[in-house]
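Peer 1: Chain by chain, the residues run as shown.
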Amino acid sequence: MRVPSAGAVAELLVPFAYEYMLRAMLVSSVIGAVCGLLSGYIVLRGWSLMGDALSHAVVPGVVLAWLVGIPFAIGAFAAGLLAAWTMGALRSRTPIREDAIIGVVFTAFFGLGLFLLSVRPSDVRLRTIIFGNVLGIADPDILQMLVISAVVVAVIAVRGRDLELSVFDPTHLAAIGGNPAAMRILLLALLAASAVAALQTVGAVLVIGMLVTPGATAHLLCDRFGRMLLTGAAFGATTAFIGAYLSYFLDGSTGGTIVVLQGLLFLAVLLFAPKHGVLAGRRERKLERAA
Amino acid sequence: MSALLEPWMHLFMWQALLVGLLTATVAALLSCFVVLRGWSLMGDAVSHAILPGVVGAYLIGLPLALGAFVAGLACALMAGSVRAVSRVKEDAALGVVFSAMFALGLVMLTQVRSNVHLSHVLFGSILGIEAEDFWQTLAVSGAALLVLAARGRDLVLWTFDPGQARTMGLDVSRLRLLMLAVLAASIVAGVQAVGVILVVALLITPGAIGLLLADRFGAMCRVATAAAGLSTLVGLQLSFMLNASTAGSIVLSLSLLFVLALLFSPRHGLLRRSTPA
Chain G
1 MRVPSAGAVA
11 ELLVPFAYEY
21 MLRAMLVSSV
31 IGAVCGLLSG
41 YIVLRGWSLM
51 GDALSHAVVP
61 GVVLAWLVGI
71 PFAIGAFAAG
81 LLAAWTMGAL
91 RSRTPIREDA
101 IIGVVFTAFF
111 GLGLFLLSVR
121 PSDVRLRTII
131 FGNVLGIADP
141 DILQMLVISA
151 VVVAVIAVRG
161 RDLELSVFDP
171 THLAAIGGNP
181 AAMRILLLAL
191 LAASAVAALQ
201 TVGAVLVIGM
211 LVTPGATAHL
221 LCDRFGRMLL
231 TGAAFGATTA
241 FIGAYLSYFL
251 DGSTGGTIVV
261 LQGLLFLAVL
271 LFAPKHGVLA
281 GRRERKLERA
291 A
Chain Z
1 MSALLEPWMH
11 LFMWQALLVG
21 LLTATVAALL
31 SCFVVLRGWS
41 LMGDAVSHAI
51 LPGVVGAYLI
61 GLPLALGAFV
71 AGLACALMAG
81 SVRAVSRVKE
91 DAALGVVFSA
101 MFALGLVMLT
111 QVRSNVHLSH
121 VLFGSILGIE
131 AEDFWQTLAV
141 SGAALLVLAA
151 RGRDLVLWTF
161 DPGQARTMGL
171 DVSRLRLLML
181 AVLAASIVAG
191 VQAVGVILVV
201 ALLITPGAIG
211 LLLADRFGAM
221 CRVATAAAGL
231 STLVGLQLSF
241 MLNASTAGSI
251 VLSLSLLFVL
261 ALLFSPRHGL
271 LRRSTPA
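These protein sequences, in sequence, are chains G and Z. Residues in the first sequence are numbered from 1 upward in steps of one, following the working numbering. Residues in the second sequence are numbered from 1 upward in steps of one, following the working numbering.
Bear in mind the hints are in silico, worked out from the structure with no lab data behind them. Be aware that a few hints might be false.
[To be verified] The calculated lysine-lysine pairs, modelled on DSS-like cross-linking and capped at a C-alpha distance of 27 Å, are: (1) Z:LYS89 with G:LYS286; (2) Z:LYS89 with G:LYS275; (3) G:LYS286 with G:LYS275.
Let's have the full structure, built from the sequences with the hints guiding it.
Peer 2: Written out as structure tokens, the structure is:
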């Protein structure tokens, strides 16, 4: 076996020598952790479509915020909330199923964003919104992202118990004096906030990967909800860190690399998870047959 | 008046209109099934998942439409098997598979530096459609329409009442697969017009408009097709006159039609005078 030379090892450390790479890796990890934490709720609530929808619906807010001259995060967050509110308002007033309403609303928002972007020349670059640009992230944007992440984590820390009940047992929550409808809105707000924060890292289209895959992976490994949330956050942070690191060598899409890694991790866990994995299930069936 | 007609002095606008109307028709017919079955996420997933297929087909020199079709179908089947072998729910399984496939497509694209212009795949290129894509789109849409004409009745029955379809001796899992194939085909066609990210609008909104305005499935299909066709025309016009994104203009027109239907629908409209009994 060939021992790697000192030069090869040094090559692997190159990304750590660049400040922009260090920042990209740290920013990605924070976002990965926050989205991973939230993804536990999304996976168990069956909100994949909602996650994808809100991450697209924030786009017109980014463009409008630029035109009006306010921080992009505020515009994006407002657009996400407006989309969620529209969906909720239409759900009770039309014969259309909820999933179709979500689809109609988010494509309308995204279409509007695309339209505005093409008729009002602005600094907002389409590629950045769609694919993120964590390698070129500016300091004020990092600050916005950190604040949003801290708020999301703090809210989950304080209201996590009620959120958990609203996912598993809304009737019980109502019985002990909680408000399932308010928790639904809170979760939507958290979702919109994370989508806004992740926009810079992976872009509008791939946020859905970060908001679903770590949670789904953790769901295969953990039977307790608290542990599942933390595992999802750990997976999100790790894959985002390694993905950002690898993208230096691949010379391409950071968001793409992160989400591909998350998909691969999911696949590995799907096969090899000790209790809920495919191979474990096969082993168990074989044992049952033998018994 | 002449300003309104000016776009139509150009041959490429007529070609765009032809392709747009055809793909909109196919997508609108499909959207009626999507809306009634609750397949919005499926449409969203399959449309994103075709990206690696397009890049892969380019790499090995196959028709792009074929690669896209295979990848779209593969996404639906893989998500189905993830759900079948594990405790992950269907929506999360779809989310995992399609985001991973789209991400793979992106990474592949940055590696190959291909001729496949990213923006064309993502947002369509209906104004500058190339001859090869033109014929592929015609073929794919034609095939989807033929299947709908031949098996449409069975698909409608399955959509409204899977139990009844089974009792009548129809192979339900084969029907589901057929539906997925037609869905993938209509997405492959629709991508020409509005691209990967917004094709899902053509697959949902026309059907939702149809549902608001019509009571019977046949009428719903006609309304959906008319709405999709009209928004294609208006969108092309807008995009030419304002020099705006074609995909954005088409989807925006379609969404405005939805808002109109929502407000003024005789039976379900928010502005109707009396509530129907």
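Peer 1: Which constraints among the numbered hints does this structure fail? Numbers only, ascending.
Peer 2: Hint check: nothing fails, all pass.
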